[in-house]
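Engineer: Required output: the full structure, derived from the provided sequences and hints.
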Amino acid sequence: MTAVIEVTGLTKRYGGLAVVDDIAFHVDAGEIFGILGPNGAGKTTAVECMEGLRRRDGGEVRILGLDPLTDRHRLHQRIGVQLQESQLQEKLKVREALELYASFYPNPADWRELLERWGLAGKADAKFAKLSGGQKQRLFIALALIGNPEVVFLDELTSGLDPGARHATWDLISQVRAQGVTVVLVSHFMDEVEELCDRVAILERGRIAALDTPAGLVDRAGGEYRVRFRPMAPLDEQSLTALPGVVSATRRGNQVDVTGTGDFASAVTAELARRQVLVADLRIEGRSLDSAYVALTGRSMES
Amino acid sequence: MNGFSRLAFVETKLFLRETGAAIGVFGLPVALVIGFGLIPGFSDPQKSLSGQIGTEYIASISVAIVLAVLGLTGVPMVIGQYRERGILRRLGVTPVRPLTLLLADLMVWAAAAILSVAVVIGVARLAYHVPAPRLAGWFILSLLLGIAALFSLGLLVASVAPTARSSAGLGWLLFFPNMFFAGVYFPTEEMSSVMRQIGNFTPLGSALHAVRDSWMGVTPRPEYLGIMAAYAVIAAAVSARFFRWEQA
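Residue numbers (the numbering used here), protein chains in the order written: chain R, 1 to 303; chain P, 1 to 248.
Everything labelled a hint here was simulated from the structure, so no lab data went into it.
Sample of chain R residues at the chain P side, in silico, Cβ under 10 Å:
1) Glu51
2) Arg72
3) Arg74
4) Ile79
5) Leu83
6) Leu88
7) Phe104
8) Pro106
Reference listing, derived: stretches of chain P covered by chain R, where coverage requires no fewer than 3 residues with Cβ under 8 Å from a Cβ of chain R:
9) 8–19
10) 83–97
Virtual Cβ for every residue (Gly too), placed ideally from N, Cα, C.
Structural biologist: Right under this line is the structure:
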């Protein structure tokens, strides 16, 4: 598997403080690679150093074999970027923006088709200022893709989008990857990263706290989580605490909560099956990137 | 169309969509010439204007107005906005450099200034038989130097002003004194010699002198051309050194 992106020792300082502090990773072709972390972690700075928008202070970056500092022009012909905050001229029409940006690239996509796919079909002649926040967001994604890039950098893909639009956007990004495009996704949304990314780097105060697949991170975190259900037959829930990995079992009314670590959920369901106890409303909660994040970094995203 | 042409094309469309700018640059000069020309006797040489034909003087002033409006209000405001809104920055990750957008803009506005002057010359000629600038070569040189001087000054403002609003504001701050001392609000003939001296050193003052003189058939004094050239070169050099492509 060829690495499309190689980052080693990437460092960026502002006023003596290392905002990005010696980070290293690689991204394979056709991967969706996530960079997750709270605001101020250095995600945008790191990605903008990779895009050639900021000058790195240390380390090496190679994207498609090109160095964003010395091969900027050639690199920019082959990548697409959606910046975290962007605006266009208020009276610029959607079609004009797309045609303009298409003219920058040697082999651009069909902008009409892009508009269709990103739900902006009726808006070709709308002026930028008249678009809703979600439509502007989708326009910038379209602008990132208009050049038919081999690598796309997306910074806060779904900020400002309602839940329906978020899911639709995730589907479209999966389609983009299916066409062979490599995606680097910067996000502070757990669900987004969990849904889309093949591998995730958790960035904390400029350093990589963990790097793995979302499932791998969840496993590695090994934090406590919870299995809930309503038994349809009499059940002494305390007997479940003897199972490997179970920490506690409590009953509230007719609902049983079992907490534990590792793969205790399988052990519990296997035991219930063995005792022939049917259950309703079985839920496994807290086994998510959210709690893995807390476990791996020692704090929640908000703190 | 390559990147630069496409940018220039789009910027032209955007310029025309700003009705205020279009009126200021094309409508106002024509209105001034027509309006003043209706004054009886104004289309004759005026003693108070060193013998220049009244309507010809008004036509010269409108050239100065266009240069000041574009250079000192348009350039700082638009470029400041482009920076603040991240438009320049967004281009920084495309194969086209943000500088290309800047140059395309300056070229479009310069073309607008030249077109406006051409329209004024035409209207004055047709409506009031005002002759076209008699020393055409000097006139064109004065116009081009005037564009260079005023636009560079506007670019300098855009380079150092921290926000779009302060950029526009600083531009306006330079606009009024320039208009005043150049002799747009009232002729330099009516100024004290001190005021006239100040005016000569302003870029707009030199531009208006050179434009008026060459229109009348008098070779513009080298000082006027030199001052404009100095403003153009120095302001451009300082801008190049200090221009920020992104909002801090």
